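**Student:** One-letter residues, chain by chain:
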Amino acid sequence: MSEVPLDTYLLEVDEPVEDLVEILPERPFAPSGVQVPAELLDQLGPTLRLRRTPPALVEAGLAQRSGALTPIGQHLSRLHRSPDHRLRVDATTADGQAGHLEASFREGYAAVLATPSPLAPQPRGQRYDVDPFVDVVDAAQVPGVLAAWIGLRPAWSLATEPATFPRHYLDDRLRSPTAPPPPDADPHLRHVWNQTWTRWTLRVTAGPTVREMLRTTRTGMVEVRPAETPGDIHLDAAHSSVVWAELIRCAHACTL
Amino acid sequence: MTTTTAMPTVTCPTTGVTLPVPPGWEQVDAPGCTLALAGPPRQAARNGTEMRASVVVTAHPHADGTSTDVHALGHAALAAATLDPGSLPIAYDVLPLPRALGSRRLIVSATQGTLPVEITQVLAVTDRHALSITATRPVGDLGDPSATTSTVLGGIELGEGA
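Protein chains in written order, with my numbering: chain A, 1 to 256; chain B, 1 to 162.
I should point out that these hints are in silico values taken from the structure, not numbers from a laboratory.
Residues of chain B placed beyond 12 Å of chain A at every Cβ, according to the derived structure:
#1 G16
#2 T34
#3 H60
Ranges of calculated distance between the beta carbons of each label pair, as one might list FRET restraints:
#4 P180(A) / P61(B): 52 to 62 Å
#5 V242(A) / D84(B): 17 to 27 Å
#6 D129(A) / L95(B): 38 to 48 Å
In this text the structure is predicted, and so the values were computed from the model without any measurement.
Glycine included, each C-beta is placed from N, C-alpha and C at the ideal position.
Using the sequences and the hints given, assemble the complete structure.
**Tutor:** Written out as structure tokens, the structure is:
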């Protein structure tokens, strides 16, 4: 008999599958690049128009003491100020702490600006009052960075019922973990409802897409879409392979 | 190699695993693998680096009187995927495969050198073997409809000898 831990909820419904939360530890987001105050990034023009070069830019290797940008500073400036497309993910913790990742694409490269991630925080408490990290990467690396930032990981997705219900149930639940699900929720939806949630959105300038998603601890990603009836929403499991393919598709669209 | 009306296929005589061979792909030698296919070279990064997508089959016969548990096979693959800090396990699910006693699919985001790659591992327990069919392709190539590791993995057949 296998000694591999099995998912307790799915075992109860006669689906003996591995307990992925037990097997796979959470992976905190590990940023790459240099930390730069966000307000200084917006001042990175072809020539710095400042009386004094900010030491933070010099320390980050983006500018020389004379004020001229370094080659990497020039590259970052072009990407940040004049991208062909941008892609942005925003996330908010249950207690209101916000973070974001923005990728600015141009000529096959991307400037990635990332705050600490509410979706993949440090295990002993994440500080959010820190300068963002900025890095210049090959555009092909962006899906992997995005996946790490949104805490994408294997999970057992569940098809839930009802598929459509009034939005206020979701909004109440986002405000309070004790808010109840719709009264006709099936056991799978109640199981999803009982997880820890973190809401995130994805916006891409290379298309009209705005995706609203929830990251749940045991049941993976869940997508929220407006329903035909005003005030109603569709709540659908988004298997992590589908989310991964969507991240790749969005990043690829930003390079065209 | 045999030919069907749809796509040529190749069958591993050791394991009975049959894979389709998409246009431009070929069977290659790979140490430790019972069967290996490689796609055409493609540019995988802005700096011009080329990479060939690949699919390799490895098989471990069951010890006498025992059979590998698919949970244990999946657990081992998940554990291995976390060893490299540059690898990120992305997805894991049950992938039904005819003739398999149990099967799983694991998707991992990783790097080879400096290239970002997607590794998809199909794991299957059969009467005689614990099988791993591993596809690797550059992430930078995934938007291209001619990227065909999914075609190969979608056409896996396990023969009676598996």
